[in-house]
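2 protein chains.
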Amino acid sequence: MPENHFDKIAIIGLGLIGSSIAHAARRAHLAKEIAGHDASADVLERAGKISFCDTLHADIGAAVKGAQLVILCAPVGAYKSIAQAIAPHLAQGAILSDVGSVKGAVIRDVGPFVPAGVHFIPAHPIAGTEYSGPEAGFASLFDGRWAILTPVPGSDGMAVDKLKTFWKGLGSQVDVMDSGHHDLVLAITSHLPHLIAYNIVGTAHDLEKVTEGEVIKYSASGFRDFTRIAASDPTMWRDVFLNNREAVLEVLGRFNDDLKILQDAVAQGNGDLLFDTFTRTRAIRRAIVDLGQDTAAPNFGRKS
Amino acid sequence: MPENHFDKIAIIGLGLIGSSIAHAARRAHLAKEIAGHDASADVLERAGKISFCDTLHADIGAAVKGAQLVILCAPVGAYKSIAQAIAPHLAQGAILSDVGSVKGAVIRDVGPFVPAGVHFIPAHPIAGTEYSGPEAGFASLFDGRWAILTPVPGSDGMAVDKLKTFWKGLGSQVDVMDSGHHDLVLAITSHLPHLIAYNIVGTAHDLEKVTEGEVIKYSASGFRDFTRIAASDPTMWRDVFLNNREAVLEVLGRFNDDLKILQDAVAQGNGDLLFDTFTRTRAIRRAIVDLGQDTAAPNFGRKS
Numbered sequence: 001m002p003e004n005h006f007d008k009i010a011i012i013g014l015g016l017i018g019s020s021i022a023h024a025a026r027r028a029h030l031a032k033e034i035a036g037h038d039a040s041a042d043v044l045e046r047a048g049k050i051s052f053c054d055t056l057h058a059d060i061g062a063a064v065k066g067a068q069l070v071i072l073c074a075p076v077g078a079y080k081s082i083a084q085a086i087a088p089h090l091a092q093g094a095i096l097s098d099v100g101s102v103k104g105a106v107i108r109d110v111g112p113f114v115p116a117g118v119h120f121i122p123a124h125p126i127a128g129t130e131y132s133g134p135e136a137g138f139a140s141l142f143d144g145r146w147a148i149l150t151p152v153p154g155s156d157g158m159a160v161d162k163l164k165t166f167w168k169g170l171g172s173q174v175d176v177m178d179s180g181h182h183d184l185v186l187a188i189t190s191h192l193p194h195l196i197a198y199n200i201v202g203t204a205h206d207l208e209k210v211t212e213g214e215v216i217k218y219s220a221s222g223f224r225d226f227t228r229i230a231a232s233d234p235t236m237w238r239d240v241f242l243n244n245r246e247a248v249l250e251v252l253g254r255f256n257d258d259l260k261i262l263q264d265a266v267a268q269g270n271g272d273l274l275f276d277t278f279t280r281t282r283a284i285r286r287a288i289v290d291l292g293q294d295t296a297a298p299n300f301g302r303k304s
Numbered sequence: 001m002p003e004n005h006f007d008k009i010a011i012i013g014l015g016l017i018g019s020s021i022a023h024a025a026r027r028a029h030l031a032k033e034i035a036g037h038d039a040s041a042d043v044l045e046r047a048g049k050i051s052f053c054d055t056l057h058a059d060i061g062a063a064v065k066g067a068q069l070v071i072l073c074a075p076v077g078a079y080k081s082i083a084q085a086i087a088p089h090l091a092q093g094a095i096l097s098d099v100g101s102v103k104g105a106v107i108r109d110v111g112p113f114v115p116a117g118v119h120f121i122p123a124h125p126i127a128g129t130e131y132s133g134p135e136a137g138f139a140s141l142f143d144g145r146w147a148i149l150t151p152v153p154g155s156d157g158m159a160v161d162k163l164k165t166f167w168k169g170l171g172s173q174v175d176v177m178d179s180g181h182h183d184l185v186l187a188i189t190s191h192l193p194h195l196i197a198y199n200i201v202g203t204a205h206d207l208e209k210v211t212e213g214e215v216i217k218y219s220a221s222g223f224r225d226f227t228r229i230a231a232s233d234p235t236m237w238r239d240v241f242l243n244n245r246e247a248v249l250e251v252l253g254r255f256n257d258d259l260k261i262l263q264d265a266v267a268q269g270n271g272d273l274l275f276d277t278f279t280r281t282r283a284i285r286r287a288i289v290d291l292g293q294d295t296a297a298p299n300f301g302r303k304s
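Chain order of the listed sequences is E and R. With the working numbering, letter number 100 in the first sequence gets 100, and the count goes up by one each step, no holes. With the working numbering, letter number 203 in the second sequence gets 203, and the count goes up by one each step, no holes.
Worth double-checking, as some hints may not be accurate.
One-sided and incomplete, this derived list gives chain E residues near chain R with beta-carbon spacing under 7 Å [stated by the list, open to error]:
no.	residue
1	R108
2	V152
3	N199
4	V215
5	S219
6	L273
If you want the footprint, here are the derived chain R segments under chain E, 3+ residues with CB under 8 Å [what the hints assert, rightly or not]:
no.	stretch
7	7-15
8	61-67
9	85-93
10	105-118
11	220-229
12	275-285
13	294-303
Simulated from the structure, these hints should not be mistaken for laboratory data. Each residue gets a CB set at the ideal place from its N, CA and C atoms; glycine is no exception.
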């Protein structure tokens, strides 16, 4: 058995991330039993067909009972009621964690329900695809990506270390930071990009003078890149924006200020400003590729 | 010899698109001689090492002399001086075309210099990668993509058909439309996405509270998708925005109006509006994949 082995882990929510954790935990033999729960009977049935959990439970209490690690993988808007439901069933000494894209709101919603003797350590794996549901998961999703842990004041150091080791076992690199800083970092690296992508796809959809058929046919000229993340799960993303309002509005304000400068440069024909702006952005792309966070292949290595 | 064979074609500008045309024309045996010219001696030398042209010419007049098809593949800001330089050397009956991302400005800049007896047919292949230069080209770049021809009033029908056949020989599907409509369609499918991508990468770069290292490490959460097109050639893109001002400002205005609605929804916690917006954008992604304009593989099929 590896040192990071658990007798039982419970995964609450069996979509893309929950199912990927199960696949990756199984790949690395991180648990004797992987128990799964989902609020949807349909999702539970589909999860049963793929069989990435050892046990599946319609009863959320039964899922978490005796688990040494419980991971919430539902949309963050559902966390409060989940926390209330599982609290009486959590084992003493268990680690309660999650995968939500916001962390301040998770601490606000879940924290008050965590029983004494349970280690609450919020977490967020920086990984995903544009697909949703139990069929979308796969074992290598976290390989080489980062997982961020945001311990709360008083979090037990040994429990934090155990959770770190677990995420490394899933294939991730691990960072630890304050929840407030996490929410600002993710506002710029993830939440704003999604909002912008959803928005531009909506704008294209609504133009009267250009048909949707034209947008689709000629999308390889840039637009299609945005449609991938704009195809992400709507419930998850609604909950992100409802729960990271302040940081999202802060970076969106900066984005709008910067865009106004580019808009003026276009209107005034200021080629030097445009050229300078378009030049300095190349270095960030190169750094992302050099650090293994994206492929160097042209067009992301697409096959079509 | 295929029916779409030319004795000589001349490619003016040997970057990503020019070199890809040469590779693809050679693959399909579309020309007995492919002549190449570039204003940069360094690019000419690098093109010579890869050897995708049959002849290379520092003298632009010698490159186009006797060519039945001349294709301008330089940044559109250089077209006017190129047109002046080649006009005296163009063969009677030749087709003069280009690959510029804007078409109204190309007609404005090149049209006045086209000699009688030369068929001027602007064109734009909807294909590319984030890489630039003669080493970036490859034969399959246009396969399955669209090329748009924007004939001018009085364009000869047989010459238009010949150019259509040429682009099909390169692997493209071909559409014909008015230059004004082209410029509006591309403003939303290509120019606005690039402006937005350049802008968000710039915003991330300038934030004081989030380091560039953090942006890079956690970029797999959405941001990295934008950095690809924000790594595109700065000269080319400066010229696009200087030469499609009106259409870009029109779609940017719509984008800003739509973004204000989403911004208000975030500020006011309007989850229903967010959910509805995030739901309808999925259909466009599906249509793009169904029509073969993008891959269905998660994360574009990236290997890292």
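Now for the hints, and whether the structure bears them out:
1. R108: Violated: closest Cβ of chain R sits about 14 Å from R108(E), beyond 7 Å.
2. V152: 21 Å, violated
3. N199: Constraint on N199(E) satisfied, holds at 5 Å.
4. V215: 6 Å, holds
5. S219: 5 Å, holds
6. L273: For L273(E), the interface hint is violated, since the closest Cβ of chain R sits about 9 Å away, which is over 7 Å.
7. 7-15: Contact hint for the stretch 7-15 of chain R vs chain E: violated, 0 residues under 8 Å.
8. 61-67: Violated, because only 0 residues of the stretch 61-67 of chain R bring their Cβ atoms closer than 8 Å to Cβ atoms of chain E.
9. 85-93: It is violated, with 0 qualifying residues against the three required.
10. 105-118: violated (count 0)
11. 220-229: It holds, with 10 qualifying residues against the three required.
12. 275-285: Three-residue rule met by the stretch 275-285 of chain R, so holds; n is 9.
13. 294-303: Three-residue rule met by the stretch 294-303 of chain R, so holds; n is 9.
This entry does not satisfy hints 1, 2, 6, 7, 8, 9, 10, going by the numbered hints stated previously.
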